[in-house]
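Participant: Given the structure of chain A, go ahead and fit chain B onto it with the hints provided.
What follows is the residue order along each chain.
Protein chains: 2
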Amino acid sequence: MPVGMLTQTSIRCWASGVPIYCRTPWCRVPKLSLSMSLQKHSPHSFLPLEALLDKFGGVTVHLPQELPTAHEGAFQSWLQESIKQWKAEGRAAVWMHIPILQSRFIAVAAAEGFTFHHAELDTSTLTLWLREGQSRLPGFATHQVGVAGAVLDVDTGKVLVVQDRNKATNAWKFPGGLSEPGEDIGNTAIREVFEETGIRSEFKSLLSIRQQHKHPGAFGKSDMYLICRLKPLTFSISFCPQECLKCEWMDLEKLAQMKDTTPITSRVANLLLYGFREGFEKIDLPMREFPAVYTGLFYKLYHRELPRTYQNGTGL
Amino acid sequence: MPVGMLTQTSIRCWASGVPIYCRTPWCRVPKLSLSMSLQKHSPHSFLPLEALLDKFGGVTVHLPQELPTAHEGAFQSWLQESIKQWKAEGRAAVWMHIPILQSRFIAVAAAEGFTFHHAELDTSTLTLWLREGQSRLPGFATHQVGVAGAVLDVDTGKVLVVQDRNKATNAWKFPGGLSEPGEDIGNTAIREVFEETGIRSEFKSLLSIRQQHKHPGAFGKSDMYLICRLKPLTFSISFCPQECLKCEWMDLEKLAQMKDTTPITSRVANLLLYGFREGFEKIDLPMREFPAVYTGLFYKLYHRELPRTYQNGTGL
Numbered sequence: 001m002p003v004g005m006l007t008q009t010s011i012r013c014w015a016s017g018v019p020i021y022c023r024t025p026w027c028r029v030p031k032l033s034l035s036m037s038l039q040k041h042s043p044h045s046f047l048p049l050e051a052l053l054d055k056f057g058g059v060t061v062h063l064p065q066e067l068p069t070a071h072e073g074a075f076q077s078w079l080q081e082s083i084k085q086w087k088a089e090g091r092a093a094v095w096m097h098i099p100i101l102q103s104r105f106i107a108v109a110a111a112e113g114f115t116f117h118h119a120e121l122d123t124s125t126l127t128l129w130l131r132e133g134q135s136r137l138p139g140f141a142t143h144q145v146g147v148a149g150a151v152l153d154v155d156t157g158k159v160l161v162v163q164d165r166n167k168a169t170n171a172w173k174f175p176g177g178l179s180e181p182g183e184d185i186g187n188t189a190i191r192e193v194f195e196e197t198g199i200r201s202e203f204k205s206l207l208s209i210r211q212q213h214k215h216p217g218a219f220g221k222s223d224m225y226l227i228c229r230l231k232p233l234t235f236s237i238s239f240c241p242q243e244c245l246k247c248e249w250m251d252l253e254k255l256a257q258m259k260d261t262t263p264i265t266s267r268v269a270n271l272l273l274y275g276f277r278e279g280f281e282k283i284d285l286p287m288r289e290f291p292a293v294y295t296g297l298f299y300k301l302y303h304r305e306l307p308r309t310y311q312n313g314t315g316l
Numbered sequence: 001m002p003v004g005m006l007t008q009t010s011i012r013c014w015a016s017g018v019p020i021y022c023r024t025p026w027c028r029v030p031k032l033s034l035s036m037s038l039q040k041h042s043p044h045s046f047l048p049l050e051a052l053l054d055k056f057g058g059v060t061v062h063l064p065q066e067l068p069t070a071h072e073g074a075f076q077s078w079l080q081e082s083i084k085q086w087k088a089e090g091r092a093a094v095w096m097h098i099p100i101l102q103s104r105f106i107a108v109a110a111a112e113g114f115t116f117h118h119a120e121l122d123t124s125t126l127t128l129w130l131r132e133g134q135s136r137l138p139g140f141a142t143h144q145v146g147v148a149g150a151v152l153d154v155d156t157g158k159v160l161v162v163q164d165r166n167k168a169t170n171a172w173k174f175p176g177g178l179s180e181p182g183e184d185i186g187n188t189a190i191r192e193v194f195e196e197t198g199i200r201s202e203f204k205s206l207l208s209i210r211q212q213h214k215h216p217g218a219f220g221k222s223d224m225y226l227i228c229r230l231k232p233l234t235f236s237i238s239f240c241p242q243e244c245l246k247c248e249w250m251d252l253e254k255l256a257q258m259k260d261t262t263p264i265t266s267r268v269a270n271l272l273l274y275g276f277r278e279g280f281e282k283i284d285l286p287m288r289e290f291p292a293v294y295t296g297l298f299y300k301l302y303h304r305e306l307p308r309t310y311q312n313g314t315g316l
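If you read the protein sequences in the order shown, they are chains A and B.
Yeah, the first sequence ends on 316 if you go by the UniProt record's numbering, and it's all consecutive.
Yeah, the second sequence ends on 316 if you go by the UniProt record's numbering, and it's all consecutive.
Isolated chain A, as found in the complex (with noise of 0.2 Å):
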């Protein structure tokens, strides 16, 4: 309905939305009320508060690294009174960003309602939402990334597989693991082939995605796995003992046929052999890379071959 669809705008532009600086006279009184009895138990003198306003109504407040000595009561009596301000002034959400040195300060925010937006490395960041009914505000990251490779050496019809050492059932699988932060799906397989294997290989194409929930080894959140094509450009395998108990150089054939091996192994090794006898076309999703609207970034867009005369937009 309309109203969750703010919630989806807002989602993307929460994080990108630049805050701008609240000029209004009720932003001051808290930040003033709190540097005051901050200063109370604390020789130094600090930057007091801001509460920052971006542009889809809330309010974001940095605590410092630095606050001294600073106690819990006048953190919570500023929040409070903070808080019915920002009512009274029709704010939709708090969102306050915790240095790990100064988290002492989070329970106190938890007691006024606030709870884990996300937090990594040495910051956690809490929200509140101000208005009625369920926050609109955006979750944070909820799929991990795997990404397997299918190394096929066309010579010999033979593709790359593994088994686990760390597995109840050693079902013959593609070398795979999950993606490093920032790191490209073609380049995940490249690098966990290399890392299991000790195969080099490039990236050709993207075979197919699984999307699977309630992942046990993903902290409870999702699964997205994805499995590349890739072409092998070294053959002598010298695969990591810690991880895997076995790896070989498989017929192609014997894996797709192969019952000791799991559902997806088996489908993308019957969708590869379908490749390998009829024409790769037929199976891959090439990919293209494009600059994205955000300046200097660029992403790689996965999807069916598009005949060259349908790249004018006429298709003609």
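These are calculated hints, taken from the structure and not from any lab test.
Warning: the hint list may mix true and false statements.
If chains are identical, the list can't say which one is meant, so a pair holds when it fits in one copy or spans any two.
Claimed, not checked - DSBU-like cross-link-like pairs, simulated, lysine-lysine; straight-line CA separation at most 35 Å:
(1) Lys167 / Lys87
(2) Lys214 / Lys300
(3) Lys254 / Lys231
(4) Lys55 / Lys282
(5) Lys87 / Lys55
(6) Lys259 / Lys87
(7) Lys282 / Lys246
(8) Lys300 / Lys84
(9) Lys246 / Lys55
(10) Lys87 / Lys246
(11) Lys259 / Lys55
(12) Lys231 / Lys259
(13) Lys214 / Lys259
(14) Lys254 / Lys87
(15) Lys231 / Lys158
(16) Lys167 / Lys55
(17) Lys254 / Lys55
(18) Lys55 / Lys214
Facilitator: Then chain B, alone, in the frame of chain A:
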């Protein structure tokens, strides 16, 4: 390399590995020291902290919801002593789960080298790598997932497009937004299309996958953006004015040639035109559902159509 490899195994297994109670005597000592020092400050008795050992050599500690008057000093002594012990025992890492109301202990842990792994709602999880070199612990979710719906009316050759209200440039695009936690790709597309435009639709296929890093709307994380082909079930537009500036059924050919759009919309419009004219089997990634290896779970798999003859493992 092999070293790196272990990491990758760990990544999927850390969280899924069922913790085993640690029976070694060194666990008892810190437990007692903490419980005693806590009881000094609290009349209540409570369950002393237990260090759980996982099969990857990591230790997990859950701080209880109730630690009435336990002070940071007692926790710090226990933690320092425990870390010494864990290192002496050759443990790999520590996972510490802290209820939000106990967050005063986070700064204490941070002073001993802990950092945030993640946090959500009312709990934060901190980690400390105990061994040489950089941490091999698995990271948290790295991607948000956005889905758009290309709703094509095959009787008129018109496709449903919108202009966002909250964007600087008013480019025509397919309606879409971020996946809710645990929501399948196709369901996100259907929900988003309905919320933005009032049009009901059904999932036909996946058309494209885009991966983009450092996405401004993803709190510094990566963004996976998928476009699905949907079939309209209703045709009367009632768009969300808070989200959309405009919404209309536009000739697909016009959209494919239009300059006033985003590169990805233009690209997928041409792909859709190709499928509309020459057969959707040329552009579709159909979906199949499979049982996961984890009991009771299912996943959805998307790839090029696999001929029946290749579904029996023979290709014959």
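Participant: Would you mind marking each hint as holding or not holding in the structure?
Facilitator: Cross-check of the supplied hints:
Taking the shortest Cα distances, lysine 167 and lysine 87 sit within 35 Å of each other only across copies (27 Å), while inside one copy they are farther apart (53 Å). With identical chains, the CA atoms of lysine 214 and lysine 300 are at most 35 Å apart both within one copy (27 Å) and between copies (13 Å). For the identical chains of this complex, lysine 254 and lysine 231 are intra-copy neighbours only, at 19 Å inside a copy versus 39 Å across copies, given an alpha-carbon limit of 35 Å. In this assembly of identical chains, the alpha carbons of lysine 55 and lysine 282 never lie at most 35 Å apart, being 47 Å within a copy and 43 Å across copies at closest.
With identical chains, the CA atoms of lysine 87 and lysine 55 are at most 35 Å apart within one copy only, with a shortest distance of 16 Å there and 49 Å across copies. For a Cα distance limit of 35 Å, the shortest separation of lysine 259 from lysine 87 qualifies neither inside one copy, at 62 Å, nor across copies, at 43 Å. In this assembly of identical chains, lysine 282 and lysine 246 lie within 35 Å of each other by CA distance solely inside one copy; the values are 31 Å within and 38 Å between copies. Taking the closest pair of Cα atoms, lysine 300 and lysine 84 never come within 35 Å of each other, the shortest separation being 46 Å inside a single copy and 47 Å across copies.
Taking CA atoms no more than 35 Å apart as the test, lysine 246 paired with lysine 55 passes between copies only; the shortest distance there is 21 Å, against 56 Å inside one copy. Taking identical chains as interchangeable, the C-alpha atoms of lysine 87 and lysine 246 lie at most 35 Å apart only when they sit on different chains, with a minimum of 32 Å there against 62 Å within one chain. Taking CA atoms no more than 35 Å apart as the test, lysine 259 paired with lysine 55 passes between copies only; the shortest distance there is 28 Å, against 56 Å inside one copy. In this assembly of identical chains, lysine 231 and lysine 259 lie within 35 Å of each other by CA distance solely inside one copy; the values are 25 Å within and 37 Å between copies.
In this assembly of identical chains, the alpha carbons of lysine 214 and lysine 259 lie at most 35 Å apart only when taken from the same copy (26 Å versus 41 Å across copies). Neither within a single protomer nor between protomers do lysine 254 and lysine 87 lie at most 35 Å apart by alpha-carbon distance, with minima of 66 Å and 47 Å respectively. When the C-alpha separation of lysine 231 and lysine 158 is checked against a cutoff of 35 Å, the pair qualifies only within one copy, where the shortest distance is 11 Å, while the shortest distance between copies is 40 Å. In this assembly of identical chains, the alpha carbons of lysine 167 and lysine 55 lie at most 35 Å apart only when taken from different copies (12 Å versus 49 Å within one copy).
For the identical chains of this complex, lysine 254 and lysine 55 are inter-copy neighbours only, at 33 Å across copies versus 59 Å inside a copy, given an alpha-carbon limit of 35 Å. Proximity of lysine 55 to lysine 214 under the C-alpha cut-off of 35 Å is found in both arrangements, the shortest distances being 34 Å within a copy and 21 Å between copies.
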